[in-house]
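Keeping the supplied structure of chain A fixed, place chain B upon it in accordance with the hints.
Number of protein chains: 2
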Amino acid sequence: MRTVHDVLSLRFMKLVAMGMVVLVTGCASVQPDPLPSWNEGATKQSIVAFVAKVTTPGSPDFVPVPERIATFDNDGTLWAEQPMYSQLFFVLDRIKTLAPQHPEWRTTEPFASVLRGDVKGALAQGDKAMLQLVAATSTGMTTAEFDALVTDWLAKARHPRFDQPYTSMVYQPMVELLAYLRANGFKIFIVSGGGIEFMRPWTEKAYGVPPEQVVGSSGKTRFEMRDGKPVLMALPALDFIDDGPGKPVGINLHIGRRPILAFGNSDGDLQMLQWTAAGNGARYMAFVHHTDAQREWAYDRDSSIGKLDRGLDEAKARGWTLVDMKKDWAVVFPFDRKR
Amino acid sequence: MRTVHDVLSLRFMKLVAMGMVVLVTGCASVQPDPLPSWNEGATKQSIVAFVAKVTTPGSPDFVPVPERIATFDNDGTLWAEQPMYSQLFFVLDRIKTLAPQHPEWRTTEPFASVLRGDVKGALAQGDKAMLQLVAATSTGMTTAEFDALVTDWLAKARHPRFDQPYTSMVYQPMVELLAYLRANGFKIFIVSGGGIEFMRPWTEKAYGVPPEQVVGSSGKTRFEMRDGKPVLMALPALDFIDDGPGKPVGINLHIGRRPILAFGNSDGDLQMLQWTAAGNGARYMAFVHHTDAQREWAYDRDSSIGKLDRGLDEAKARGWTLVDMKKDWAVVFPFDRKR
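Just so you know, the protein sequences line up as chains A and B, in that order. Count the first sequence with the working numbering and you get residues 1 to 339, in order. Count the second sequence with the working numbering and you get residues 340 to 678, in order.
The hints are simulated quantities; they were obtained by calculation from the structure and are not laboratory data. Treat the hints loosely; a few may be bogus.
What the hints assert, rightly or not - Across the chosen pairs, the derived CB separations fall in these ranges:
(1) Pro-396(B) to Asp-239(A): 37 to 43 Å
(2) Arg-565(B) to Gly-319(A): 20 to 26 Å
(3) Asp-466(B) to Gly-121(A): 42 to 48 Å
(4) Asp-466(B) to Gly-140(A): 28 to 34 Å
(5) Glu-204(A) to Thr-395(B): 19 to 25 Å
Here a beta-carbon is modelled for each residue, glycine too, at the ideal position from N, C-alpha and C.
Next comes chain A alone, as it looks inside the complex (with noise of 0.2 Å):
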C-alpha cells in the first residue's frame, strides 16, 4: 500500500533527480567554448590537447601548476604591428608635440625628417636614429610621469587604418587564448621587444597581464630625491634589449623558468621557442602566422617589420604550430564582431 509518506519520498526522489539533472545541466551550460574566436581545426585541437595533457593529475605529461609558465611575444602576436610598432606611433607623435620647444629639431636628423613627414627616411637611418627617437620623448623624466604620457596617449591616439584604438587592436583569439590558460592555471608573462615602460600602462587591462609578468626592453633608470620625495628617472640610456637571443636572457632574469609554452610571430621570437622546446617534459610552441591581407595583414619571410623566415623553416622542420590567422581565427579583433 502507498502511504502518504511514499508518495512524498517518490516526489522527493523526484525532485532530487530533477536538480541532479538542473546541475548536470548548469555544470555543463557554464563551460561554454573557452576559445569561441578560434575555428574548428587542428589548431584550436593541439592547444586544448596540449592545456589538457599537461592539467590531467596523473597524465604522464602532468605539470605541476606553479611550473605552468607560458610567454608571449606582443607585438603582432598579441596585438598588430602593422604598418608600424603601436610605440613608434607613440614615439612620433611625441616627437611632434614637444617640436615646438625644440626649433633645433627642424635641422638635425633624425628629427627634421619626422617632422617632414618622412618617417621611411628617419628609420632608414638605423638603430642611432631610432634610439634618438626614443630617447627624445620617453627619458629625462620620471617613470610615473612616463607612465601617464603612455596612457594619455593611449586614450586619444587611433590606428591609421581601422580608426580604433591601439588597445583594441589585440587579437581577440589571443585574448580568449590567455584567459583559457590562466583559467588552467597557467601564469602568463608577455616577454616583448617593446619597452617594458611601454607596456606596463595597459597590458592589464587589455590582456589581464599584470605589471610583474611584463618582460620588455628596457632603458637605465637611477633613483632619486626630487623635492625631498624619491623619484626614479628614466636616463638616455639602453639596459636591455629583450629580442631575438635576448628572449631567453629576459625570460631567466624576470621569470627564472623555463616556459613550458611559448607564442610569437617573427625571428625575433625564434630562440623564445627554442628555448621552450629545449626542456624536458610537454612543451607548445607556435608562430601566429599572418595570413590574412583582409581582415589584418600578409606577411612573413620579406617583411622589415616581423619577418618571419627562419622560424617559419624551424616551425615546419620541427613540427611546432603555425596558427594560419585566415584559417584559424573566426574574428581578428574584438571590434570584427560587431561589424
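Relative to chain A, chain B alone:
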C-alpha cells in the same frame, strides 16, 4: 502525541545543532595565531592592524589584491647574514674545491689569501677582488650548471656557528609573516643584494617565494647553442647591483608596481623603504633590528655587514617599525623550537 517521526525530527534538530557547534568550534580552531613565533606587543599588533585595514573591504585603507605587493630583503631580514653572507661561504668553499685545477691561484690575489685561510685579507682587497672571486666560481658555466652547484652545496654545507644547513638559518617569525601575508592576498617578492641565481634554487622551498618573485644582483648571461641545444652562459660581467638605490630600480624593473609593505635590516634597504613609503595610501615599513647577541647577533651602526645607521635614524624619525629581535621574537630559527 509524539510520533516516531517527531522523535526523529527532534533528534535530527539536535544533530543539526550539534553539527553547527562543531562547525563553529571547527572554524575557530582552524584560525590559530598565524604569527606564533612573534611575542605579543606593539610590533606584532602593528603588523596585524596593517593587514586588517588594507584587506577589509570598505575600509578607507583597503588595497585591492593585485596591489598588495610586499618586498623583503633577504640577508639579515629573512635569514642570518653573520659572520658572512651565505653566498660568500659558497664562493669560498668553491674556491677551495677548484684550487687544484688552478695552481696559479696560490700566487694570485685575492685567491692566494683565500687559500691561506685569510678571508679578511681577501675581502679587504675591495669590490674588484670580490667580483673576481664571484666570477671565478659562478661564471663560465650555464645557468643550469650553476643552479646545480648551489643546490649541491646547500645540501652539504653547514653554518660555522650553529652547525645547521644554511637553509635552516631562516628566521622562523619571518617565514610565518610571509605565510600570513600570502594568506591575506599579498604577493611577496624578495629584493636582495645577493645574487638572483644564488637565491632562486631554494627560495620556493625555504620561503614559498617562487623564482619569478626573486629580485637580486645579476651577472650578464648569453644565449648560445651548445651541441645543438640552447643554453644560457653566465658571463664574467656584472649586470646589475640590487642594493641601496638599486633596490627601487630593481623593484621597478621586475615588479613595475610600488610595494605597500617592505622589510629590510640595513642601510642597503633604506631606499627600498623610502620608495615604499612615498606611495599613496596605507604603507608599512620595517627594519629587522639585530638586538639578540645570544640567539643570533647584535649589530647595527658599526657593523661591516648589515650596517644600520642612517636607516635607524630615519626609522625613528618617520615612525617606521623597528623589529626588536630579542624582544619581539619568541624563537629566531626553526631549530630553536626543538632545542
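How the hints compare with the structure:
1. In this structure the supplied range 37 to 43 Å holds for Pro-396(B) paired with Asp-239(A), their Cβ-Cβ distance being about 39 Å.
2. In this structure the hint that Arg-565(B) and Gly-319(A) lie 20 to 26 Å apart at CB holds, the actual value being about 23 Å.
3. Taken as a hint, the range 42 to 48 Å holds for the pair Asp-466(B) and Gly-121(A), whose Cβ atoms sit roughly 47 Å apart.
4. Separated by about 30 Å at the C-beta atoms, Asp-466(B) and Gly-140(A) satisfy the suggested range of 28 to 34 Å.
5. In this structure, Glu-204(A) and Thr-395(B) meet the distance hint of 19 to 25 Å, their C-beta atoms being roughly 24 Å apart.
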